[in-house]
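Residue strings, one per chain:
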Amino acid sequence: MSILEIKDLHVKVKEEPEHPEILRGVNLTIKSGEIHALMGPNGNGKSTLAETIMGNPRYLVTQGDIVLDGQSILPLGVDERARAGLFLGMQYPAEISGVTNAEFIRAAINARRPEDDQVPIMQFLKDLDKTMAILKMPEDMADRYLNQGFSGGEKKRNEILQLMMVHPGLAMLDEIDSGLDIDALRIVAHGVNLMRGPEFSSLIITHYQRLLDYIVPDVVSVMKDGEIIETGGADLAKSLEKTGYEHLKVGDANA
Amino acid sequence: MPETLTLPNTPKIHLARYLAQGKDDTPCAPVEVTAPTAVTVAHPVKLTQNTVNGLDSWLLEAPQQVTTIDVPAGFQADTPIVLRGPATGGGVIQIHVGEDAHVVLQERWQADGDVLGVGVWLTADAGATVDWLTYDAFIAPVAVVQRTVDLGAGTTLNWTIAGFSHNSGASLATVNLNGLGAHATINVGVLASGRQHVGYVTAVTNQAQKTVGHINQHGVITDKAHLIFNGIGHIVKGARGSDAQQENRVLMLNQDARGDANPILLIDENDVTAGHAASVTRVDARQMYYLMSRGLQEALAKRLVIRGFLEAGLGEIADPELKQELFDTIDETLVNADA
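Each protein sequence line maps, in turn, to chains S and R.
Per the working numbering, the very first residue in the first sequence carries number 3; after that it's consecutive.
Per the working numbering, the very first residue in the second sequence carries number 17; after that it's consecutive.
Here chain R stands alone, though its shape is the one from the complex (with noise of 0.2 Å):
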């Protein structure tokens, strides 16, 4: 019964309306994964998947595509397993990662479409360390996009999440730390161009005892686009000795640029810490001053401080040509906003 549930909590995202429009339902090619033969990946039909949210139903029903990815106990590997979204769907994803396991996922998005749904769901157990690269470069015009990460006892989550999407909509991660000591870092950097309207929601919740879970959304706008970033940090009761920390940054390339930077603590439990960060400003005029008075031009001095905003959402990313592929767009995404 999908009406019955309700929606997660979005905080100035009109996540109703998104889910209003309908999703795109025509069958497309499964998301290409390149992984050494010791990890599981197979097609089915169907996806058996817990539904916690009414967002979840909406991603479940009449995918476009199904894959599932077991990564088991104990593999470990320094090179990545690599996920490539298909070229004009959307579809989902769900991950399991063994016990012990070491992995680098490397999941990349640039699909075209009208209503594009994806949802990722990612089970991590025990002692698990997992290092994930999110890479969101969606053309469609709207996209509803949700991974939701479940972590065992003793589990390490590194993730960086790189929105240089062009989808109007709302791009949801959800980390709930359930078992003892689980450690997750969300890193979030977001180019926002055009007349996007897009948002995020990077919600952490620490189940167990000494969870810990920090948040860093840094968010980019330029021309007419409008960003929106929430930072969920929930401490339920009896999750003594945890930790919620999150940092939420816009800057503003423009006048018609908007942004919302929303940091929420939700703390339930005496015993815990638990801090955020937020603003919203301009170009750092003095880092302006200081590389113009070598002689670089505005434009590009411009260009180099807004990369250094975005370094410290993305600043995980060690491999040297995604970097620069990510440099590159900013680049140019800026050169156009500037004609």
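Isolated chain S (complex conformation) (with noise of 0.2 Å):
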């Protein structure tokens, strides 16, 4: 059993400290087995959330707290917080040649590992087809360079396939469902679900309560203006996607 909690979380962007908070007192607490959906308007710090838990040092923590399982995770670089457990599926994902996708995973999945129980190679591929084959994906994607010439849709797939690879406590997933069509959306979910389980938590962003339908969430938050300002289960989703956004008002939170 994990658990991450936000604790009043303001952000702003490092290199712009004269501009106003992102972030401004965030309040969340994921546990593990939930699958926590986070919605609202563009440019109202979704995704600036998702980074910062993620340690991207583009933001600046200016007061609050991200605690995972009692400890402050704040003072840990990017890579630490992923061998903590988290996980972010990225909206813009690096392309990066040179390096193959396989290579990279693997990589990634040893990243994890003690240096004297790396990952078997024959082992490591079995799952990597398996895997491949589940999210529909051609087999020569293992060995194109890291997200090189891969199309929008492509590249959301191999961040699902990253994640299933990878097994992380805390995966969050930022826009995992733009740019892809109703049958992408299906595998892509599909992968997700998979997942599942009670050592496993997520956080998804998203606009659309279409994700939502194959992927059900057990918690819905929405964040407007850099707070989260309604909570509710699953239903909260689908009442939204009648009356939008416009209606919700910063400082009517539910907690």
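Be careful, since some hints might not be right.
What the hints assert, rightly or not - Which residues of chain S face chain R? A partial, calculated answer using Cβ under 10 Å:
| hint | residue |
| --- | --- |
| 1 | 59 |
| 2 | 79 |
| 3 | 84 |
| 4 | 113 |
| 5 | 146 |
Bear in mind the hints are in silico, worked out from the structure with no lab data behind them.
C-beta: ideal position from N, C-alpha, C; glycine also.
Got two chains here, separate frames each, mind docking them using the hints?
In structure tokens:
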């Protein structure tokens, strides 16, 4: 059982200290076994929250804390947070040539294992083949350079492939549904659903209810102007689909 | 009269100073050539070669060894002709590729010495295709290397130069597109480390109409090394319908590393296309973040990003063993540089 607590989190862009805070006191708790959806209009801090939890050096925490199983992770670098069990499926994954997808995923798995217990290559390739088949990814994507020349949809699928191969404790998925057609969306959602279990939790960032038809969340939170303004169950997402976000106001949170 | 010849144009590289140090002249074993029987390999005492510039003369004077390779017209083979330079010296090589021949060349140097001179002259007759991989890993403190290519009509040259040497000095790759529609792509990937001070000059001259010359140079510099990339694209008057493109990119890994990227376009004809791009950058923070967000430690992430950067210059290398060797060298160099 693991638990991530965001406590009164205030965040700025490091290089723009004169600009106002993007996150203005976010409180959120994600327990293992839970799928947590974070909704809300564009440009209100959802991605910033995920990036800050992951440890993107672009962001500066000015107040508050991020606590994983009782320990603040703020002093940890991004790679240490990853090895502590965090994962972020990114909206715009970087492209890196010269490094094959398979080689990278293997390095990511091995980074979490002790040096004298690295994943055997045959077992790794077997798992990779199996997982790629679930995500209906063509075999040659394992040998292509990391995200290089991948289409938008292929990149998203590749993020989910990494998620399934790495088995993190907490996966944040930042608009994993954007740019996906309905078939791809179903496949990606199926992949995420296979991860569900008592040892796994997820923070799913999305604008649309549609993704949540396939990945049914346990908790739905709405973020606006850098704060969580409403929290509820799966039906909250459904009602938002009808009403939109306009009527929700900062300060109305029913915590 | 070698004194009357001028040196080639090598901006920011003190070629004359290197040449003044005098060249190693102790005879050594010739270049080892592995080739099918149809290819004629010889080691004459002297090379008959036109001297175009003062560097030609310097290289041709008392060479440490002489090798000639003749590929007959119509020759076709996918297995490479392998050239392995001697362990302790430089020398000169003359390669002739006959009409419509299709040849794959792999050339490799790892020589030690004091001041090495290496000269390679390749002539390809009409319709020939040359896939050429040059792997320089000189150990000698100074090497001056010049490779000159003359391409006939309808020829294609795909050339990758992997510069993984430890020497200071200059490396010149000069391609003359002499025949109608000749086509050359030159990819250069360089790793400079230690106190190396090395300059690469890749020059393509569009002499004939409808010729295409593309230069792509990528270099990584660490420690206190200094790397100079000069790209020279020259379209002469009358070479209508020609294209000269070049890209010179340098990645600097620390404060003491120095890099220059100088794209030079000399265009004497109107009806042509030409372009260049150049940059001197540091390790891409977005790529680092992405790799590290999957748990990779900083040192490993950095090695992968650098490998990816060089891949843009070395991407054409298909031989997996050689590629692994290059990647291993990159890793080793960076581990040493970090230490």
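Structure-based check of each hint:
{"no.": "1", "hint": "59", "result": "holds (7 Å)"}
{"no.": "2", "hint": "79", "result": "holds (7 Å)"}
{"no.": "3", "hint": "84", "result": "holds (4 Å)"}
{"no.": "4", "hint": "113", "result": "holds (4 Å)"}
{"no.": "5", "hint": "146", "result": "violated (12 Å)"}
The structure does not agree with numbered hint 5 stated previously, though it agrees with all others.
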